[in-house]
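Enquirer: Sequences listed follow chains A and B, in order.
Quick note on numbering that gives the first Met the number 0: the first sequence kicks off at 0 and runs consecutively.
Quick note on numbering that gives the first Met the number 0: the second sequence kicks off at 0 and runs consecutively.
These aren't lab readings, by the way, just hints derived from the structure by calculation.
Cβ atoms here follow ideal geometry from the backbone N, Cα and C, with glycine treated the same way.
Worth double-checking, as some hints may not be accurate.
Here are the simulated lysine-lysine pairs, DSBU-like style, with alpha carbons at most 35 Å apart [said to hold, decoys possible]:
| no. | chain 1 | residue 1 | chain 2 | residue 2 |
| --- | --- | --- | --- | --- |
| 1 | B | K113 | A | K3 |
| 2 | A | K436 | B | K67 |
| 3 | A | K367 | B | K14 |
| 4 | B | K108 | A | K6 |
| 5 | A | K9 | B | K109 |
| 6 | A | K436 | B | K39 |
| 7 | A | K6 | B | K109 |
| 8 | B | K112 | A | K2 |
| 9 | B | K134 | A | K2 |
| 10 | A | K436 | B | K32 |
| 11 | A | K367 | B | K113 |
| 12 | A | K3 | B | K134 |
| 13 | A | K367 | B | K5 |
| 14 | A | K6 | B | K113 |
| 15 | B | K112 | A | K6 |
| 16 | A | K435 | B | K109 |
| 17 | A | K367 | B | K67 |
| 18 | B | K112 | B | K70 |
| 19 | A | K435 | B | K67 |
| 20 | A | K9 | B | K108 |
| 21 | A | K435 | B | K213 |
| 22 | A | K436 | B | K70 |
| 23 | A | K6 | A | K367 |
| 24 | A | K6 | B | K134 |
| 25 | A | K435 | B | K12 |
| 26 | A | K436 | B | K109 |
From chain B, some residues computed to sit far from chain A (all C-beta separations above 12 Å) [what the hints assert, rightly or not]:
| no. | residue |
| --- | --- |
| 27 | T17 |
| 28 | D22 |
| 29 | I63 |
| 30 | L128 |
| 31 | A130 |
| 32 | D133 |
| 33 | G142 |
| 34 | E144 |
| 35 | D171 |
| 36 | S172 |
| 37 | D180 |
| 38 | A203 |
| 39 | V209 |
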Amino acid sequence: MIKKTFKRLKRAPIPAIAVLLFAAVVSVIVCTLHATNEAELRNYEEAYRSVPVTVTVSALAHEDGRKTVISAWVADLFTGRSLVEMVDVSAAKDYDEEAELLRQTEPTQVSLAEYVKDVQLRVYSSIYRVNGKNFTSAAGTCMLVGMTSLSSDKQLLPEYGCEIKWYEGYDESIFYGEELVCLIPESKATTRYYDNGNGEAELYFFKRLMQGVPGAPSVEVERHEYRCTLKIVGTYTAGDELSIYCPYSIIEQVYSGLERTINIDSISATVADNMRLEEFREKASFFFTDPTQNAEVVPWGVWLSNRSDEYHHSFHNMAIDIADENLLDMSAILKDSIKFNRTVTVIVVALSVVAGFLVGFLMIRRRKRDIMLMRTVGESPPRLYFGFVLEQMICIILGITVGGAYNLWDPIDKLLIFAVGYFVALSLALTIFMSKKLLTNVKEDE
Amino acid sequence: MSISLKNVSYSYKGKYQTVRAVDGVSYDFEPGKCYAIVGKSGSGKTTLLSLMAGLDLPTEGEIIIGGKSTKDWNRNRLRRDAVSVIYQNYNLFPLLTVQENIMYPLDLKKMPKKDATALAHEVRERVELSATYDKRLPSHLSGGEQQRVAIARTLAQGCKIILADEPTGNLDSTNTRNIVDILCSLAHDDGCTVIIVTHDPSVAEQADTVLQMKDGAWI
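I would like the entire structure built from these sequences, with the hints used as guidance.
Expert: Structure below.
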């Protein structure tokens, strides 16, 4: 039957070519639209990924106004350098139940490190002058900023007006390493305010833990101190000019030196992949509240694996601010554009189905006499139906293949809708013509 | 194979009213004879022929072919195996060659190609067409030649009842005579029942029996 069909198509090539060209044109239009949509989607993803979204963790104040602190383990959560293990104690009704849960439940290892990059951690430090081996006097305070890359703080980037003068042999790669080096403000270098005279910054960290009862003076129960000397390897001119920038590893050394009792001022980072922003937001929401909303209080407990005796219990006293406004604005604009293109595609596919319906109907109508002749010599309706459908579908499939040769597979669903529409039209037309009385057909033919 | 009409009537809905095209017709057509049905245009002769060809069923009465009512026949099979029709406008498949047109009913009967080709050659020669016609398309043939091909197709079909609706309507007198001769020989030599609908008196003259119709009934 296929051989005979091709023979018939060869003997009446013009209608066959017309159907083939029609299918090819539809295929070209659908494939082009699909390619445009795909390109737009790719652009959208690229653009979506390129918008920087910064996240900042800050400590909230207690109800009585006292500021709370960000614990060292939160830094671990962001950098992944130390493992954080967590037990969800939200189901516990009291401390006894909570303790029981902590004993019985296998901790879950958690990390947000895979979602962020360019982590920056800020701690207050005192600057001391050195006199021999001892610190003599405090020269002031500064903010020590530990960073995993130069991009961790935008103030240091040239586009924000910052100029960095690296001393010989040093560059931004210092932030990836563990060398005891730092960048200081240009103004403080010239006045030797941060410079101890040896090209070094002397930093001193001090932490007291107090305990007391209401109405009585607090008593110091613990004291921790840590000093470090950082080699100055460059200067910068920007921002508040109170910060000393150093590799992130130094901050780790500091809070290790202070037995992790350090008060972190803030932690900030950039979202590594914006496509995973919602995943990150969901995970982060377990530890942090949204500063713009009244968050529901959810208790949780955290163990740090390297300090199993340390247990933190919190009621969302830290907030996370995800600065995604620009991302959302850009996303809304691009989404509108993509939606418009998709609507156009749907309309074009629908129109092609309608056009296919008409063409299919006309093609069968043109062969009405052949159908009548075949029936008068006793051709069975299924064979007749199959013969005509096969002939037309060969033209349509060839047309679709030729038209979409460069990109046929991706929009195959839309092309199939068109082909099925054409097939339905053929079937409908054949059913209509074959349901008509043969005697009427013969009389009409006469 | 005999064909009997038992009080056959056929009505169809016209534009404004129901038309009774055939009105209570009865007749027994015998094998081996050539019949001519004559009558004016609109007398119902073509409708009657179409009913005998199984293109539709009578609205009243019945047509018995080979001892079985057309109501009981599978009508595709009836048209394929029992009754063959020759039309005034030849009704050849325009995209098939002469040989393919002749072989078409054999293909429906699933006859092996080799046998079908041999039979097609035999019937083509019987209607006095040479082998040079085999590869020609109907559009390249004269009216008489096309009608011969139509008859050859009927012969190949092997039906024992041959109905011809104005088979010579578009032909000159020489071709008319030749075609009617062939049809009559099918009745006399092959034992077929041949029924020719015509308004041409010269055609009717050659038939064994002439039946006249007026307003859907015999006169």
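Enquirer: Run every hint past the structure and note whether it holds.
Expert: Results for each hint:
A threshold of 35 Å between alpha carbons decides the hint, and for K113(B) with K3(A) the separation of about 17 Å falls inside it, so the pair holds. Straight-line distance between C-alpha atoms of K436(A) and K67(B) comes to about 22 Å, which keeps the hinted pair within the 35 Å bound. Simply put, K367(A) and K14(B) have alpha-carbon atoms about 22 Å apart, close enough for the 35 Å limit, and the pair holds. About 21 Å separates the Cα atoms of K108(B) and K6(A), which keeps this hinted pair within 35 Å; it holds.
Pair hint K9(A) plus K109(B) holds up; C-alpha atoms about 24 Å apart against a cutoff of 35 Å. About 24 Å separates the Cα atoms of K436(A) and K39(B), which keeps this hinted pair within 35 Å; it holds. Restraint check: the Cα-Cα separation between K6(A) and K109(B) comes to about 19 Å, which is no more than 35 Å; the hinted pair holds. Proposed proximity of K112(B) and K2(A) is supported: the alpha carbons are some 14 Å apart, at most 35 Å.
Pair hint K134(B) plus K2(A) holds up; C-alpha atoms about 17 Å apart against a cutoff of 35 Å. Simply put, K436(A) and K32(B) have alpha-carbon atoms about 30 Å apart, close enough for the 35 Å limit, and the pair holds. Note on K367(A) and K113(B): the hinted pairing holds, with a Cα-Cα distance of about 31 Å set against a maximum of 35 Å. For a cut-off of 35 Å, the pair hint linking K3(A) to K134(B) stands: about 15 Å separates their Cα positions.
Distance check on the hinted pair: K367(A) and K5(B) sit about 33 Å apart at the alpha-carbon level, within 35 Å; holds. With a CA separation close to 19 Å, the supplied pair K6(A) and K113(B) stays within the 35 Å bound. Our distance criterion of 35 Å between C-alpha atoms is met by K112(B) and K6(A), whose separation comes to about 17 Å. Note on K435(A) and K109(B): the hinted pairing holds, with a Cα-Cα distance of about 27 Å set against a maximum of 35 Å.
With a C-alpha separation of about 31 Å, the suggested pair K367(A) and K67(B) falls inside the 35 Å cut-off, and the hint holds. Proposed proximity of K112(B) and K70(B) is supported: the alpha carbons are some 33 Å apart, at most 35 Å. For a cut-off of 35 Å, the pair hint linking K435(A) to K67(B) stands: about 25 Å separates their Cα positions. Note on K9(A) and K108(B): the hinted pairing holds, with a Cα-Cα distance of about 25 Å set against a maximum of 35 Å.
Between the alpha carbons of K435(A) and K213(B) the distance comes to roughly 27 Å, so the proposed pair stays at or under 35 Å and holds. Restraint check for K436(A) and K70(B): satisfied, since their Cα atoms lie roughly 15 Å apart, inside the 35 Å limit. Distance restraint check for K6(A) and K367(A): the Cα-Cα separation of roughly 19 Å lies within the 35 Å cut-off, and the hinted pair is therefore satisfied. Pair hint K6(A) plus K134(B) holds up; C-alpha atoms about 13 Å apart against a cutoff of 35 Å.
Under the criterion of a C-alpha separation no larger than 35 Å, the hint pairing K435(A) with K12(B) is consistent with the structure, at around 14 Å. Taking the CA atoms of K436(A) and K109(B), the gap is about 26 Å. The hint holds against a cut of 35 Å. No Cβ of chain A comes within 12 Å of the Cβ of T17(B); the nearest lies about 15 Å off, and the non-interface call holds. Residue placement check: D22(B) keeps its beta carbon more than 12 Å from all beta carbons of chain A (closest about 16 Å).
Annotated as non-interface, I63(B) keeps its C-beta farther than 12 Å from every C-beta of chain A; the closest such distance is 19 Å. Residue placement check: L128(B) keeps its beta carbon more than 12 Å from all beta carbons of chain A (closest about 19 Å). For A130(B), the requirement that its beta carbon stay farther than 12 Å from each beta carbon of chain A is met, with the minimum near 20 Å. In this structure D133(B) is separated from chain A by more than 12 Å, as the shortest Cβ-Cβ distance comes to about 15 Å.
Even its closest Cβ contact with chain A, about 16 Å, leaves G142(B) beyond 12 Å, as expected for a residue assigned away from the interface. Every C-beta of chain A lies more than 12 Å from that of E144(B), the closest at about 18 Å, which supports listing it as non-interface. The Cβ of D171(B) sits about 21 Å from the closest Cβ of chain A, beyond the 12 Å cut-off, so the non-interface label holds. Distance check for S172(B) against chain A: the nearest CB is about 22 Å away, which clears 12 Å, and the non-interface claim stands.
In this structure D180(B) is separated from chain A by more than 12 Å, as the shortest Cβ-Cβ distance comes to about 24 Å. Distance check for A203(B) against chain A: the nearest CB is about 20 Å away, which clears 12 Å, and the non-interface claim stands. A cut-off of 12 Å between C-beta atoms confirms that V209(B) is not in contact with chain A; the least separation is 23 Å.
Of the numbered hints listed earlier, not one is contradicted by the structure.
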